[in-house]
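Protein chains in written order, with the working numbering: chain A, 1 to 126; chain B, 1 to 496; chain C, 1 to 96; chain D, 1 to 151; chain E, 1 to 81; chain F, 1 to 240.
Note that these hints are calculated values from the structure, not bench results.
Please note that a few of the clues may not be correct.
Within a straight-line C-alpha distance of at most 25 Å, the following computed BS3-like cross-link-like pairs (lysine-lysine) qualify [what the hints assert, rightly or not]: (1) Lys24/E / Lys111/A; (2) Lys123/A / Lys302/B; (3) Lys112/A / Lys24/E; (4) Lys126/A / Lys302/B; (5) Lys2/C / Lys126/A; (6) Lys55/A / Lys207/B.
With the C-beta cut set under 10 Å, the calculated list includes, among others, these residues of chain C facing chain D [what the hints assert, rightly or not]: (7) His36; (8) Ala50; (9) Ala60; (10) Gly64; (11) Val72; (12) Thr76.
Computed list of chain B residues with no C-beta within reach of chain A, every gap over 10 Å [what the hints assert, rightly or not]: (13) Val59; (14) Arg100; (15) Val456.
The beta-carbon is built from N, C-alpha and C at its ideal position, and this holds for glycine as well.
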Amino acid sequence: MDFIIAKYNYWIYIILMMIGFYAMIAKNNLIKKIIGMNIFQTAIILFFVSIAYKKGDATLPILTYADAHGAHAIRAAQYMNPLPHVLMLTAIVVSIATLGVALAIAIMMYKKYHTLEEDEILKAIK
Amino acid sequence: MILEQAPILIVVIPLMSAIVTPLLGWWKRDLCYPWVILSLLFSTLCSVIVLNTVMHDGVIHYYLGGWLPPWGIEYVVDHLNAMMLVLVSGSSLLVAVYSRKSLETELPDRIVYFYTLFLLQVTGFLGIVITGDLFNLFVFLEIAALSGYALIATGEDGAPLASFRYLILGTVGACFYLLGVGYLYMITGSLNMADLAEILPGLYDSKVVLVAFSFFMVGIALKMALFPLHMWLPDAYTKAPSVASALIAPLMTKIAVYVMIRIMFTVFRPYFSIELLPVTKIMLYAGIMAIFVGAVMALAQKDFKRMLCYVVIAEVGYMVGGVGIANAVAIKGAILHIMNDVVMTLGLFAVAGILTYKMKNHEIVAFKHIFKKMPFTMAAFLVVALSVIGVPPTCGFFSKWYLIQGSVMAGNWTFVVALLFSSLVNIVLFFRIIETGYYDFDPAGSEHTHEENIVVNEAPLSMLIPTFVVAVAIILIGLYNQSILINIIQFAVPKL
Amino acid sequence: MKTVGLIVSMIVGAFLIYGTMDMPDWGDPNSPASLHVSPRYIMNTETETATPNIVTAVLADYRGYDTLGETVVIFTAGMACVLLLRRRNKFKKNRG
Amino acid sequence: MIISSDDIIIKTIARIFVPFIQLFALYVIMHGHYSPGGGFQGGVILGASLVLLLITHGYEEMRRRVPEGAVILLGSLGLLIYSGIGLTCLLLGGNYLDYSQLSVILHVDPAHARAMGILGIELGVAFAVMAAVCSIFFDISTGGILPEDEK
Amino acid sequence: MIITFDIIILLFVVMCAVAAITVKDLLSAVMILGAYSFFMCLMWTQLGAVDVAFTEASVGAGIGTILFIAAVMKTTRRTRD
Amino acid sequence: MEVTLFIHAADDAFRILEKAKERAVGLLDTATKLTSETRWMEEKKVHAILKGAQETKSGFQNFVATFLMLFGFWALLSGKFDAFHLFLGVVCSLIIAYLSYDLLFANVRVGDVRIIVQRFIGYIPWLIREIVMSNFHVAYLALSPKMPIDPKVITFRTKLESDISWVTLANSITLTPGTITMDIEGREFMVHALDGKVADDLDTGEMEDRVAHIFMEADHIYIQDVLDVSRVFAKLKRGM
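Produce the complete structure using the sequences and hints provided.
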């Protein structure tokens, strides 16, 4: 029980990742695949954000006025870990960029074959 | 100053010229081609400078933004890096020179944006190779991947679907890589490769490290199309425009192999990847399977480019198997084979591009009388083919020699058999083309074509010169392989 | 395909859960991730970059090159869409 | 295919809100130092405001305000600002993207020079992201061909 | 109190994810994905990642959904799975 | 006793008022007849004023007003009043004002903004009262066991002039429980009402009048009427 409570964020992220991964592999519709891709990437972001979390008196990674002006020494445990947040900002951008390209390719295919189902497109190519 | 700043200039010059290219194309479209060549020339120059510096002074560290490594991003250039940089920038320069005529027939209305993405692709490759930071590698991996998807999707009928499948699997690969980064970060708190290499040995028995390592491996195997995960490659590279396949096919898989070597031997110690885990065994068998499957599938193809794709899969098997044997000689052979394979695959796809340009088709059946029509192209092709088969003066022989030597030393005869089998199949493959193209073998042939009717119809010079440069490079690398080994690769081989 | 997908995602999930066992507890302020590199960002941001928002400082300065890469990624996506889809008549003058 | 809306309510509300959305986007960009936000988020909001204008007032209106060529130009310009700042640092004698070198030009201490450098690159990021978002939306919503070009 | 809030949001997230890949109408699936992004963004605010949450709110729930809708409107809503 | 007296007095008063009203109506009729030409001219002028708000108004005036409004918004958001941030605010507001000066005040005269805002604030309490009242009504409808709802769609033609007042009216209608604006086509409002009472409330046109009052649309006509009447009186006096 302790094992689950202490890490439930990680468990949920694994479930989400599995959902996304399954959709990417098993779904036949291109848009559904893209949706799965989005879920997959978001799950990874959730994982990183969970790494950054600190229990206790930690707050947002923005220095308060007193700290910023050197009123007292800053302790690292006082703020969340900023590095995973930074990495995830980049990852979100990457995911939206991938989404754009994927949708563009899907639309290209729809213009040519008038369907979004993968097997029908395969049939049309042959 | 150029000397100090050369590592960053290698990446930033193609990057900035990629940004300027759409503006330039807006103004005057014809300027794009010289502009691309110019920027890649500079980039190549810088990478040669870097290689020279590395050979004389050892490893270069470059701190981006002036921040010291574990906090900022660092560029590390050692011998392996520097060799890859020269290879990548040099071969992309050749492809850029080669690209003009082919693009004008295949994508006449989209040249400007094609060149933009071309430069971005090269930027991505260079960024992957040069960086010393795991997350930075991911970012550049995505740049390379996204521009690759777009370039491939512009190809012939069916290219969008191939590209979409590549996108899905490539994203899975990149996400697995990112997960690996996350697991490593969670357990160590660092992203810098050198820093990780310091911290990790104390944590080798942790399950988190094991999971991270496996996700790295699977993600990169997806990117390099290692045997069970190779489904996306043949379609994507066959249907891409010839310039795109000439750029991506030689470089993407080899860069993935480079990343794999980097992670196995720089981020993790050889002790972990070779002795603690059965990774190398799995890799060895995957490599052997890749060689067999690639060879057999290549035999079954009627399409020239598709056949080359399966050859590429088999060649990936060479390198992965070489690393999988995990002794110094075999890894030396694998690294030398990365170099050779870039050049050879570039030559093969360049020839395929020329044939597509002239014949508007890449079925093998269409290549009749091709030796008469294009003597120079086919001369270059012969050299490349001999190298792929592994005939002594060419470079392909030597890397195979080291691979075989290494596997004999390790007592692994299966790999030897696989290598020999693959060479044999390659002979058959290329002989088939020579047969179609040279001998006027026409089973139905009541109507004997008169040889006078066949006019020499050679490819344009801008395509021919890069192909010849590749052919010459193959022979030169073959002749000077000892000095390359002593001066560069010997330092790149990890200390086992 | 469906069963393959199910099996593969199950294997991946099981493997990840296996990895979860050795993870530091969620939200532990003394986990390795919060002890090695990040404290320096938190402590020195103000003196080194005069920026109270640590995320911005790390994003744009300490790891500014990543952000350059990120911007290039989205630029690449824009260019890719233009390359793949746009067939507009550019030289037709806009009305109005 | 998204065509311009005929609904007067949506049109009017969009018309009134767009300037405020744009100002908020600029606020987010400029105040990335002190509060959540920064170039990327601001750029996305800026792009979203233009997209809102597009889906309410139609392509013609949108193209009148921001021609498609200008969008690509803005994207390039944004990235040029970013990499140009990096290159300036390099020319001033530091490493690439080492903003503390900017203190020579700006006449402030290195820490504040870094803050100014961050502001500069966030502007660049915002331009690039805005342009990319607009351009992707243009292309995806039209499928690359405008209705009047089809004729 | 906070933990229950977390768990409720996480449950919503999982439900939205499952719904998004099972619904047989693409437009609905896309809208549910937008809701998924929004719940995710709430979750991240809860975890203290305000910057990430802000970005996700503007990107995932905003531009991403808009792009999806544009694509679905441009193509088709029907799907077999 | 007093009551009857009072009722009588009231009766008388009403009678007198009635007569006065008849007189006034008669007078107005005559006046209208007399000054039909003038009237037509005046109407044209009113129209010109309203149109001028949309077209002939100077772009620069708009620009300045947009700039000021945006800068106020910036100050509200930012909360930092050192020189650097104020400078940034000025620059940003200038850029946005330049980009979208024709959006914010497309149909409203700049000089009227102060009055409009004042009246709008005055309008809000009335709207809230209205919302609360119809809330009770809808609650009654929903909770009573018979569910005496009688949904219907009513269409009416509005006299409002500008798009912003249409939108305000439509949104006010939608905000009030029991009624929803479904569509505006030209000047036809299509409203879905839950039962007869709310529909009747809508038909009285009070809300519309109030909205017209906010955006100073009735004002012009009203003023013109007064002017007309005074002129007519003057003429009549001279004639008598």
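A quick look at each hint next to the structure:
Our distance criterion of 25 Å between C-alpha atoms is met by lysine 24/E and lysine 111/A, whose separation comes to about 22 Å. Simply put, lysine 123/A and lysine 302/B have alpha-carbon atoms about 20 Å apart, close enough for the 25 Å limit, and the pair holds. At most 25 Å may separate the alpha-carbon atoms for a hinted pair to count; lysine 112/A and lysine 24/E meet this at roughly 23 Å. With a CA separation close to 16 Å, the supplied pair lysine 126/A and lysine 302/B stays within the 25 Å bound.
A C-alpha spacing of about 23 Å is found between lysine 2/C and lysine 126/A, which places the hinted pair at or below 25 Å, so the restraint holds. A hinted pair counts as satisfied when its Cα atoms are at most 25 Å apart, and lysine 55/A with lysine 207/B qualifies at roughly 24 Å. Hint on histidine 36/C is violated. Least Cβ distance to chain D is approximately 23 Å, over the 10 Å limit. A hinted interface residue such as alanine 50/C counts as satisfied when its beta carbon comes closer than 10 Å to some beta carbon of chain D; here the least separation is about 4 Å, so the hint holds.
Because the closest C-beta pair between alanine 60/C and chain D is about 4 Å apart, less than 10 Å, the hint holds. About 5 Å separates the beta-carbon of glycine 64/C from the nearest beta-carbon of chain D, less than 10 Å, and the hint is met. The restraint placing valine 72/C at the interface with chain D holds, with a minimum CB-CB distance near 7 Å, inside the 10 Å limit. Interface restraint check: threonine 76/C against chain D, minimum CB-CB distance 9 Å, threshold 10 Å, status holds.
Under the 10 Å C-beta cut-off, the non-interface status given to valine 59/B relative to chain A holds; the minimum distance is some 26 Å. Consistency note on arginine 100/B: stated as away from chain A, and its beta-carbon is indeed over 10 Å from all of that chain's, at 25 Å minimum. No beta-carbon of chain A comes within 10 Å of the beta-carbon of valine 456/B; the shortest separation is about 36 Å.
The structure fails hint 7 only (numbered hints given earlier).
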